[in-house]
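Undergrad: Let the sequences and hints guide you as you build the complete structure.
In numbering that gives the first Met the number 0, the protein residues as written are 0 to 188.
For the record, the hints were derived by calculation from the structure and aren't laboratory data.
Hints are not guaranteed to be accurate.
Unchecked claim - Once the Cα atoms are required to be at most 25 Å apart in a straight line, the calculated SDA-like pairs of lysine to any residue come out as: (1) Lys174 <-> Leu77; (2) Lys174 <-> Asp15; (3) Lys174 <-> Glu47; (4) Lys174 <-> Cys78; (5) Lys174 <-> Thr150; (6) Lys174 <-> Asp129; (7) Lys174 <-> Arg70; (8) Lys174 <-> Phe153; (9) Lys174 <-> Ser160; (10) Lys174 <-> Leu141; (11) Lys174 <-> Leu134; (12) Lys174 <-> Ala186; (13) Lys174 <-> Arg146; (14) Lys174 <-> Gly76; (15) Lys174 <-> Ala140; (16) Lys174 <-> Gly53; (17) Lys174 <-> Ala128; (18) Lys174 <-> Arg185; (19) Lys174 <-> Pro142; (20) Lys174 <-> Arg135; (21) Lys174 <-> Ala164; (22) Lys174 <-> Arg137; (23) Lys174 <-> His159; (24) Lys174 <-> Glu147; (25) Lys174 <-> Glu156; (26) Lys174 <-> Glu136; (27) Lys174 <-> Ala152.
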Amino acid sequence: MSVTERGRPVAATSSDAELMLQVQDNDAGAFEQLYDRHCARAYRIATEICRRPGAAEDAVQEAFISMWRSRMSYRPGLCEVAAWAMTVVRNHAIDVSRRDARHDERRGDAEPLERESAAVNISADAIAADDAQRLRERLAALPATQREVITLAFYGELSHSEIAAHLELPAGTVKGRMRLGLEQLRAFH
0 MSVTERGRPV
10 AATSSDAELM
20 LQVQDNDAGA
30 FEQLYDRHCA
40 RAYRIATEIC
50 RRPGAAEDAV
60 QEAFISMWRS
70 RMSYRPGLCE
80 VAAWAMTVVR
90 NHAIDVSRRD
100 ARHDERRGDA
110 EPLERESAAV
120 NISADAIAAD
130 DAQRLRERLA
140 ALPATQREVI
150 TLAFYGELSH
160 SEIAAHLELP
170 AGTVKGRMRL
180 GLEQLRAFH
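TA: Next up, the structure:
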């Protein structure tokens, strides 16, 4: 058991809902726990949208700052904390991606000033990029309803029940859309 900034004990197994109540009571320690619990998932969502690690990091940072500032707007009965948080991350990632696209247009085709100096396995990167591109194309070919639940499940790592709460749909509908979408993705082979 740890102690939050306000001196309250917080069990390591506190639920997101319990932590969010403490966050709404201005408890930065509880917010830190929520961040630790969800930052990896948030980064994966932002990376999928932004396509660049630096932009994804900016989006996640801006999203969590926004969540802290708007913590009182979270309504527990409307959706799960994770679904709310990932929606905020997704929206910020879209904003960062659009902002970067505008900057890229102004810069033209200029090469970035900073380069990563790490050794790169070009062959493995090319194969991974090709696989990722084919997956994106296959996902894009799915009906929007199936694509949405698959994206939330795999990139957002949301459970069926979290997706259902986020989309305000019955869990059975989410599971059905997921099953149909995955069957169509398998059929592309």
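Undergrad: It remains to establish, for every hint, whether it holds in the given structure.
TA: Results of checking the hints against the structure:
Of the supplied pair hints, the one linking Lys174 and Leu77 holds, its CA atoms being roughly 20 Å apart against a limit of 25 Å. With a CA separation close to 23 Å, the supplied pair Lys174 and Asp15 stays within the 25 Å bound. Taking the CA atoms of Lys174 and Glu47, the gap is near 23 Å; set against the 25 Å cutoff, the hint holds. A distance of roughly 18 Å separates the Cα atoms of Lys174 and Cys78; the hinted pair therefore holds under the 25 Å criterion.
Restraint check for Lys174 and Thr150: satisfied, since their Cα atoms lie roughly 13 Å apart, inside the 25 Å limit. Taking the CA atoms of Lys174 and Asp129, the gap is near 29 Å; set against the 25 Å cutoff, the hint is violated. Annotation: proposed proximity of Lys174 to Arg70 is violated, straight-line Cα distance about 30 Å (limit 25 Å). This hinted pair checks out: Lys174 and Phe153 have alpha carbons roughly 13 Å apart, not beyond 25 Å.
Of the supplied pair hints, the one linking Lys174 and Ser160 holds, its CA atoms being roughly 9 Å apart against a limit of 25 Å. Our distance criterion of 25 Å between C-alpha atoms is met by Lys174 and Leu141, whose separation comes to about 15 Å. The straight-line distance between the Cα atoms of Lys174 and Leu134 is roughly 20 Å, inside the 25 Å bound, and the hint therefore holds. For the given pair, Lys174 sits about 18 Å from Ala186 by alpha-carbon distance, which is consistent with the 25 Å threshold.
Only pairs whose Cα atoms come within 25 Å are accepted, and Lys174 paired with Arg146 is accepted, the gap being roughly 12 Å. Taking the CA atoms of Lys174 and Gly76, the gap is near 22 Å; set against the 25 Å cutoff, the hint holds. About 19 Å separates the Cα atoms of Lys174 and Ala140, which keeps this hinted pair within 25 Å; it holds. A hinted pair counts as satisfied when its Cα atoms are at most 25 Å apart, and Lys174 with Gly53 does not qualify at roughly 34 Å.
Proposed proximity of Lys174 and Ala128 is contradicted: the alpha carbons are some 29 Å apart, above 25 Å. Only pairs whose Cα atoms come within 25 Å are accepted, and Lys174 paired with Arg185 is accepted, the gap being roughly 16 Å. Between the alpha carbons of Lys174 and Pro142 the distance comes to roughly 15 Å, so the proposed pair stays at or under 25 Å and holds. Restraint check for Lys174 and Arg135: satisfied, since their Cα atoms lie roughly 21 Å apart, inside the 25 Å limit.
The hinted pair formed by Lys174 and Ala164 meets the criterion: a straight-line CA distance of about 13 Å does not exceed 25 Å. Taking the CA atoms of Lys174 and Arg137, the gap is near 19 Å; set against the 25 Å cutoff, the hint holds. Taking the CA atoms of Lys174 and His159, the gap is about 7 Å. The hint holds against a cut of 25 Å. For the proposed pair Lys174 and Glu147, the alpha carbon gap of about 12 Å is at most 25 Å, so the pair holds.
Pair hint Lys174 plus Glu156 holds up; C-alpha atoms about 14 Å apart against a cutoff of 25 Å. Distance check on the hinted pair: Lys174 and Glu136 sit about 22 Å apart at the alpha-carbon level, within 25 Å; holds. Straight-line distance between C-alpha atoms of Lys174 and Ala152 comes to about 11 Å, which keeps the hinted pair within the 25 Å bound.
When the structure is compared with the earlier hints, violations turn up for hints 6, 7, 16, 17 and for no others.
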